[in-house]
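Residue numbers (numbering that gives the first Met the number 0), protein chains in the order written: chain A, 0 to 248; chain B, 0 to 483.
Any given hint might turn out to be false.
Claimed, not checked - Now the in silico label distances, taken between C-beta atoms and shown as ranges: (1) A:238 <-> B:392: 49 to 55 Å; (2) A:87 <-> B:422: 25 to 31 Å; (3) A:117 <-> B:411: 51 to 57 Å.
To be verified - Which bits of chain B does chain A cover? Going by a derived footprint, with three or more residues having C-beta under 8 Å, they are: (4) 429 to 442; (5) 453 to 460.
Keep in mind that the hints were calculated from the coordinates and are not lab data.
Cβ atoms here follow ideal geometry from the backbone N, Cα and C, with glycine treated the same way.
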Amino acid sequence: MNLLEIDDLHVTVGETPILVGLNLRIPAGEVHAVMGPNGAGKSTLSYAVAGREGYDVTKGDIRLGGESLLALGPDERARRGVFLAFQYPVEVPGVRSKPFLRAAVNAVRKARGQAELDPGAFLKFLRKTLESVRLDEALTNRDLNSGFSGGEKKRFDILQMALLEPRFCILDETDSGLDIDAMRVVADGVNAMRTPERSMLVITHYQRLLDYIVPDVVHVLKDGRIMRSGDKSLVAELEARGYEWVTSP
Amino acid sequence: MVSMSASAEVIAEFTEKKYAAGFVTDIESETLPPGLDEDTVRFISGKKDEPEWLLEFRLKAYRHWLTLEEPTWAHVGYPEIDYQAMSYWSAPKVKGNLKSLDEVDPELLRTYEKLGIPLYERAILAGVAVDAVFDSVSIATTYKDQLKEKGIIFCSFSEAAREHPELIKASLGSVVPYTDNYFAALNSAVFSDGSFIYIPKGVRCPMELSTYFRINEKKTGQFERTLIVAEEGSYVSYLEGCTAPMRDENQLHAAVVELVALERAEIKYSTVQNWYPGDAEGKGGIYNFVTKRGVCRGRASKISWTQVETGSAITWKYPSCILQGDDSVGEFYSVALSNHRQQADTGTKMIHLGKNTRSTIVSKGIAAGHGKQTYRGLVRIAKKADGARNHTQCDSLLLGGACTADTVPYIEVQNDSAQVEHEATTSTISDDQLFYLMQRGLGEEDAVNLIVNGFCKEVFRELPMEFAVEAQRLIEVSLEGAIG
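Can you make the complete structure from the sequences, with help from the hints?
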């Protein structure tokens, strides 16, 4: 069964059409990679799925578990299980990480009909999860992403992914700015979350990350559309030949 | 997805909820006809059965007021106030002298119940004594007897003028003389009621003392007068709250508050100001023009002002500390919010006279809608104030593009050994931040509140616990619909 279905998606940013008829199917439990050159519309795809304002869907549909997401705000999509690990996680000075994490976890738990976690139960859950991404609890006593190193920010996003237990995860160039050790930690965290129910969309420029997070299917996004899809051998081919040779769907 | 009509209902509900204290109490009042002259002053003094010297004080203040002009330097704009068009006295009608709360008009008691300020002691928040001021008079003061056992006096100003004239005479006008400014002079002439607190030597007041100010009658000004005297080595924490009905006209609240702290005494003065702010178009609302000042008269004394200002159409307010005693400490923690057409020109003055005096200023201004925020602060280090230190932190948060925030610091240093630091920041809530928080499942208002509360937390943590929660809720209600 497909968890995510994107049909003939057209997305405009400002006046500029970025995605022009994108189709994508991701069955439950699969990890798909989207690769493509700069400016192909990779980040636009992730923002359009997450429901960011300013990314206007002019045609087509995005469905999660059969339900169209288009009329929903970003918070409602998040509560239905869409998670976006940001290319550049945002600093929010003044907002302490730990209370924020608890508020977010309880917002999605409530939407799933689960009981909210009291501070004690949450702390237990948090500590267990911190271990899995090898982050120090001290970080959660600081303001959200404020003054975190690049690697800490990325791992903190993966921590949130693990805490929120989403159905569908988008990793938007999560490898950018990470050294090889940090990337391994992130990849381990992501791999630990692969389940038969959960699907993931890994957006990346490079082969590197896909050596660690091995995709079931690889798509090439170019000129606002998926131009080619294949198994993971496509990654090596792209690495060898570049994106130029992919010219038509 | 919520249907259009349902979301319109939600919005309507928010707007109506917005100012929950906006109701009018239907009660028979004795109200002076509008107008101000010497007879008005005599009438008020007579109503309160005041001693002759106090009437003289009022008359001198009135005559001085006539020579003054309304100040225009603040960054606020409003139509000219007609001081002859408002009433200077309004009091709910009572029969004779009240012996207990049971004799108070039930309608009045209900008013305070509705505002969440029950006046029956058994129903009150544990450990908080309340003086309730309704228009020009104090309705009731709770826990008086328990406080009396420790020698603490907590009563209405009017009662203090009759029962403890020597204490009033010694301090009234000693921190804010009637010549101080236009509104202080006006207040000194026509002040109605407020609280008087006296903490004897070495006594730590065992509970929070608080005054709840309520304006009810239309076309009436309220002229609060509060005086707190803390003797050597004593401590008191005081909190005031304020609300008024929603009316289309503007009403004036011109208060004077004086604090006196003697050697090693500490006064903590907190305000949660929620006067009616006017509607979204700027119609109606309270003009809050107040003079609040404390003097750290004794060595190592401390005065701390904490204010959360969410209400009023216009706020003109600079709670200040005169640090006269050596090693004395002044603090000012402020959150001021202007939404819609609200204007606030607020800040503090820290006057360092004694040696090794220290002051801290933390000001957080939040502007939304067409709100106008100005921080205005003076730090003065006098010649003899060796080793004086000040730290000022002044932050503004702008929500939306139509609001403004200004910072106007004045620093005057006459002593080379002084250390004065001033930091200022201006920030907004970015789309990136909002999207990030919402992507984690938080609703838009929750996301905004999280950021705003984070912005205010340095100030909120200075408030007594129960009131910190109240202040946070007030800010949230005041900002409903400010974004998006």
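These are the hints, each one checked on the structure:
no.	hint	in the structure
1	A:238 <-> B:392: 49 to 55 Å	holds (52 Å)
2	A:87 <-> B:422: 25 to 31 Å	holds (27 Å)
3	A:117 <-> B:411: 51 to 57 Å	holds (52 Å)
4	429 to 442	holds (count 13)
5	453 to 460	holds (count 3)
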